[in-house]
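Residue numbers (our numbering), protein chains in the order written: chain A, 1 to 463; chain B, 1 to 463.
Don't read these hints as lab results, they were simulated from the structure. Incorrect hints may have been included.
Claimed, not checked - Each computed DSS-like pair below joins lysine-lysine, with the alpha-carbon atoms no more than 27 Å apart: (1) B/K412 x B/K335; (2) A/K380 x B/K385; (3) A/K385 x B/K66; (4) A/K152 x A/K53; (5) B/K143 x B/K66; (6) A/K79 x A/K152; (7) A/K219 x A/K143; (8) A/K79 x A/K107; (9) B/K314 x B/K380; (10) B/K146 x B/K218; (11) A/K379 x B/K385; (12) B/K335 x B/K409; (13) A/K438 x B/K53; (14) A/K107 x A/K125; (15) A/K398 x B/K385; (16) B/K412 x A/K53; (17) B/K79 x B/K98; (18) B/K380 x A/K385; (19) A/K385 x B/K379; (20) A/K314 x A/K232; (21) A/K385 x B/K398; (22) A/K79 x A/K438; (23) A/K379 x B/K66; (24) A/K438 x B/K438.
For clarity, every value in this text was computed on a predicted model and none was experimentally measured.
2 protein chains.
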Amino acid sequence: MKNFIITAVIFLMCSSLSSVSAQNSDSIAIRRIYNDALSDSTSYSILRYLTTKIGGRLAGSPQSLKAIQWAEQLMRGMKLDTVFLQECKVRHWVRGEKEVARVISGKTSLNLHVCALGGSIGTGKNGITAGVIEIRDYDELKKLGKDKVAGKIVFINHPADPTFYNTFGSYGGTAGYRVRGAVQAAYYGAIAMIDRSATPVHDNNPHTGIQHYADTVKKIPALSISTNDADKLSLLLRSDPELHIFVRTTCEELPETVSYNVIGEIRGAIHPEEIIAFGGHIDSWELGQGAHDDGAGLIESIDILRLYRSLGIKPAHTIRAVAFIDEEMEQRGAKAYVAASLLPQDGMNKVVHIAAIEADRGGFTPWGFSIDASNEQLKKVQGWKNLLLPYGLYSLEKGGSGVDVGPLKSQKVPLFGLVVDPQRYFDYHHSATDTFDKVNIRELQLGTAAMAALVYLIDTYGL
Amino acid sequence: MKNFIITAVIFLMCSSLSSVSAQNSDSIAIRRIYNDALSDSTSYSILRYLTTKIGGRLAGSPQSLKAIQWAEQLMRGMKLDTVFLQECKVRHWVRGEKEVARVISGKTSLNLHVCALGGSIGTGKNGITAGVIEIRDYDELKKLGKDKVAGKIVFINHPADPTFYNTFGSYGGTAGYRVRGAVQAAYYGAIAMIDRSATPVHDNNPHTGIQHYADTVKKIPALSISTNDADKLSLLLRSDPELHIFVRTTCEELPETVSYNVIGEIRGAIHPEEIIAFGGHIDSWELGQGAHDDGAGLIESIDILRLYRSLGIKPAHTIRAVAFIDEEMEQRGAKAYVAASLLPQDGMNKVVHIAAIEADRGGFTPWGFSIDASNEQLKKVQGWKNLLLPYGLYSLEKGGSGVDVGPLKSQKVPLFGLVVDPQRYFDYHHSATDTFDKVNIRELQLGTAAMAALVYLIDTYGL
Chain A
1 MKNFIITAVI FLMCSSLSSV SAQNSDSIAI RRIYNDALSD STSYSILRYL
51 TTKIGGRLAG SPQSLKAIQW AEQLMRGMKL DTVFLQECKV RHWVRGEKEV
101 ARVISGKTSL NLHVCALGGS IGTGKNGITA GVIEIRDYDE LKKLGKDKVA
151 GKIVFINHPA DPTFYNTFGS YGGTAGYRVR GAVQAAYYGA IAMIDRSATP
201 VHDNNPHTGI QHYADTVKKI PALSISTNDA DKLSLLLRSD PELHIFVRTT
251 CEELPETVSY NVIGEIRGAI HPEEIIAFGG HIDSWELGQG AHDDGAGLIE
301 SIDILRLYRS LGIKPAHTIR AVAFIDEEME QRGAKAYVAA SLLPQDGMNK
351 VVHIAAIEAD RGGFTPWGFS IDASNEQLKK VQGWKNLLLP YGLYSLEKGG
401 SGVDVGPLKS QKVPLFGLVV DPQRYFDYHH SATDTFDKVN IRELQLGTAA
451 MAALVYLIDT YGL
Chain B
1 MKNFIITAVI FLMCSSLSSV SAQNSDSIAI RRIYNDALSD STSYSILRYL
51 TTKIGGRLAG SPQSLKAIQW AEQLMRGMKL DTVFLQECKV RHWVRGEKEV
101 ARVISGKTSL NLHVCALGGS IGTGKNGITA GVIEIRDYDE LKKLGKDKVA
151 GKIVFINHPA DPTFYNTFGS YGGTAGYRVR GAVQAAYYGA IAMIDRSATP
201 VHDNNPHTGI QHYADTVKKI PALSISTNDA DKLSLLLRSD PELHIFVRTT
251 CEELPETVSY NVIGEIRGAI HPEEIIAFGG HIDSWELGQG AHDDGAGLIE
301 SIDILRLYRS LGIKPAHTIR AVAFIDEEME QRGAKAYVAA SLLPQDGMNK
351 VVHIAAIEAD RGGFTPWGFS IDASNEQLKK VQGWKNLLLP YGLYSLEKGG
401 SGVDVGPLKS QKVPLFGLVV DPQRYFDYHH SATDTFDKVN IRELQLGTAA
451 MAALVYLIDT YGL
């Protein structure tokens, strides 16, 4: 018994020592990752080019194809093992001329800052004029009923709740009105829908975003109005409930067109057929430059490959950066990606994903990862906390990843979402202010480093 | 024995239940604090006034007195129990005319972006012209020695190390050259010192800050040069080591003058003589607007009192916001504060501080608190982690507080520093870019909330 105890103690000491030593070498490896990321400004320069030279790039647009071509060339210049495109069909919606919305109240007339919502039909060149019904939520719409709503423009004035610590919670409470507001309003006979922008800030910038129609309900023009003008319109309606609004949008849906995901890889030295994927989306709304959404996440992902090459790290598994197309409208890129994800590639009969990370919450200071995986996998990742905490990555909790890597869940792939400081994201999100100058170089570099550290740990220890 | 065990189990269950219930009510109280802070924009409006209407406000300046008067009026309007000023003498250094520095190399001449360092003497109206010796650190200076340095302008080109995760670490490695560079250079006979700005960013803005002379060494003009121009000058020196620089600064030290801390209190309902203090500094460098340094910390502190009144929380202990004067130069306000901190006040024989919190790291997203206290006190605060973590306050570690509350350590007062995201702070710090538009309203509101939550817990449970 005594010998057994001594043996057990020695065994425990050794395994504990070897675990300490592994922790040390991991800690050094992660320190090197951060040193490289924080010293290298490539990602910032690349993001500058994408956002200021190519600019906004909605799927289907010439700009999106330019961005795809640029991303392919960029990755081909990085001496990766594989760079390839993945084809898919995408919608081709165009905004048309600058949108107009004008309040007509007695003899006064006031222009409002509006934009068409993504996927909306236009009003026709002559525009439409109608009275306005303001509602705060669908309950109010229901109470008003068809009698009061028919023939009117429904103005959904549901402000973002500022008390959420995490602004994504607040966004969740408003985005639904943008996505389904036109269907709900049309159901009661409205002829157009204007939604208060889904943002906590008070300014003059309307925020766009996808909206969906239903087959069973008439399609009506759907717009977003800036928060300042939503407040203004609400006040005006109190003094003149009979005021009218003239709205004119010329957006339209062109025939579907071909587009592509762009993929770059460093091949795994031991398990080339096992893939750790990470990515962001290359498309963006076109009011701004798509800097935080999602130039940052895309460029951070590509920058992981640069960093691996720069440090000479040879991954055991294949590591892969993915530029997903069409996140903003239909996630056709994500669908094409999952459809191709098990197919033979380069002489390998079958490839499988062992993990996928999505970066699509802006290029802000990373806080950790949301983890969509089994409890065992979750615990394993949480076991790396001491290695990640020195870099502020304190949050390693269960949670959704993102819509681009999400479909891989059908293959039971453990999924991750890069969690970043969410306080400023919705200030810019989908609006003209989502521009390069809003991205801080260090925050962007830390995004690269955080994901590279996780990739390193998954590559070293599996999941 | 059995009865004892049952009793013990019941006792443990009850104490555990009562602890759960206390946690719940604390959790609700902290949720209310965050709801109020995130819904109220008073602090943002007040900061806008201080920074854009009063602007930069170095101790001793008319602007600083305007700010003090404004802060007093502001607090008097908040229906506090006590508002008072605390007098002290401060230096009165003035920058004078816009600084000039020009490279003269052969027939070419190039203007550099420079500013005088705080407390520096001027060059005299005619300026000075001399050759330049570039050094990276004091070892290089020592090796060059008096022969090579005498009569020259010493250019200290020590770049900030970007690899620190926490930029305060990087700042620690550069600020010393600013503070002591002139003394070191003068010791070897230099006639002026130009220091590379203590910032990780690459731009054209010189960053000022205090520099100190030594009684034993001749005073020479001390300047800061923008990082872009430091790089430029370094390159020019490689092609023309004989180039000269013309420098002209007219800064000077006027006679000391009277200034004030401003203090506002809500009196404790149970222990009025026991004080929980929190504050930031009201003075700032005058190149910018003193928005992050330290308008934000000051306004967050004052906003805690607004929040307590708004929620109708009656603290058991006296809670006190302090606007410290002269943090940037000599901390005369902090010295006056500690000197008066045990004196009788309003019929109370003696007051004592039970805690003091300093907010002076910019108005960014809070991460927690650095704690300068006994191990028992540290453990007690760390025991509140579950209450603070939902608001991102994950970092509750030993560490320094700040130079304004620091002197209270002599009374063994537990001290706290509000820890915030440090990535962007030194981009703006002490430069013309530290302006109101760099402060995000939510990040500012969260600063109020984080400190108010800590104040609430200290007030409820003591330390």
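Taking the hints in turn, this is what the structure says about them:
1. Using a Cα cut-off of 27 Å, the hinted pair B/K412 and B/K335 holds, with the two alpha carbons roughly 16 Å apart.
2. In summary, the hint linking A/K380 to B/K385 is supported, as the alpha carbons are separated by about 23 Å, within the 27 Å threshold.
3. Restraint check for A/K385 and B/K66: the C-alpha separation of about 49 Å exceeds 27 Å, so the hint is violated.
4. Using a Cα cut-off of 27 Å, the hinted pair A/K152 and A/K53 is violated, with the two alpha carbons roughly 42 Å apart.
5. Between B/K143 and B/K66 the CA atoms are separated by roughly 48 Å; this puts the pair beyond 27 Å, and the hint is violated.
6. Using a Cα cut-off of 27 Å, the hinted pair A/K79 and A/K152 is violated, with the two alpha carbons roughly 59 Å apart.
7. Between A/K219 and A/K143 the CA atoms are separated by roughly 22 Å; this keeps the pair inside 27 Å, and the hint holds.
8. Pair hint A/K79 plus A/K107 does not hold up; C-alpha atoms about 66 Å apart against a cutoff of 27 Å.
9. For the suggested pair B/K314 and B/K380, the alpha carbons sit about 23 Å apart, so the restraint of at most 27 Å is met.
10. Between B/K146 and B/K218, the direct Cα distance comes to roughly 14 Å. Compliance with the 27 Å bound is thereby established for this hinted pair.
11. The straight-line distance between the Cα atoms of A/K379 and B/K385 is roughly 21 Å, inside the 27 Å bound, and the hint therefore holds.
12. Taking the CA atoms of B/K335 and B/K409, the gap is near 12 Å; set against the 27 Å cutoff, the hint holds.
13. At roughly 25 Å between alpha-carbon atoms, A/K438 and B/K53 fall within 27 Å of each other, so this suggested pair holds.
14. A threshold of 27 Å between alpha carbons decides the hint, and for A/K107 with A/K125 the separation of about 24 Å falls inside it, so the pair holds.
15. This hinted pair checks out: A/K398 and B/K385 have alpha carbons roughly 19 Å apart, not beyond 27 Å.
16. Between B/K412 and A/K53 the CA atoms are separated by roughly 58 Å; this puts the pair beyond 27 Å, and the hint is violated.
17. Proximity of B/K79 to B/K98 is assessed by CA-CA distance (about 43 Å); at most 27 Å being required, the pair is judged violated.
18. Proposed proximity of B/K380 and A/K385 is supported: the alpha carbons are some 23 Å apart, at most 27 Å.
19. Between A/K385 and B/K379 the CA atoms are separated by roughly 21 Å; this keeps the pair inside 27 Å, and the hint holds.
20. Between A/K314 and A/K232 the alpha-carbon distance is near 58 Å, which puts this suggested pair outside the 27 Å criterion.
21. Distance hint between A/K385 and B/K398 is fulfilled; the C-alpha atoms sit about 19 Å from each other, no more than 27 Å.
22. Pair hint A/K79 plus A/K438 does not hold up; C-alpha atoms about 30 Å apart against a cutoff of 27 Å.
23. The hinted pair formed by A/K379 and B/K66 fails the criterion: a straight-line CA distance of about 56 Å is larger than 27 Å.
24. About 10 Å separates the Cα atoms of A/K438 and B/K438, which keeps this hinted pair within 27 Å; it holds.
Against the hints set out earlier in the document, violations occur for numbers 3, 4, 5, 6, 8, 16, 17, 20, 22 and 23.
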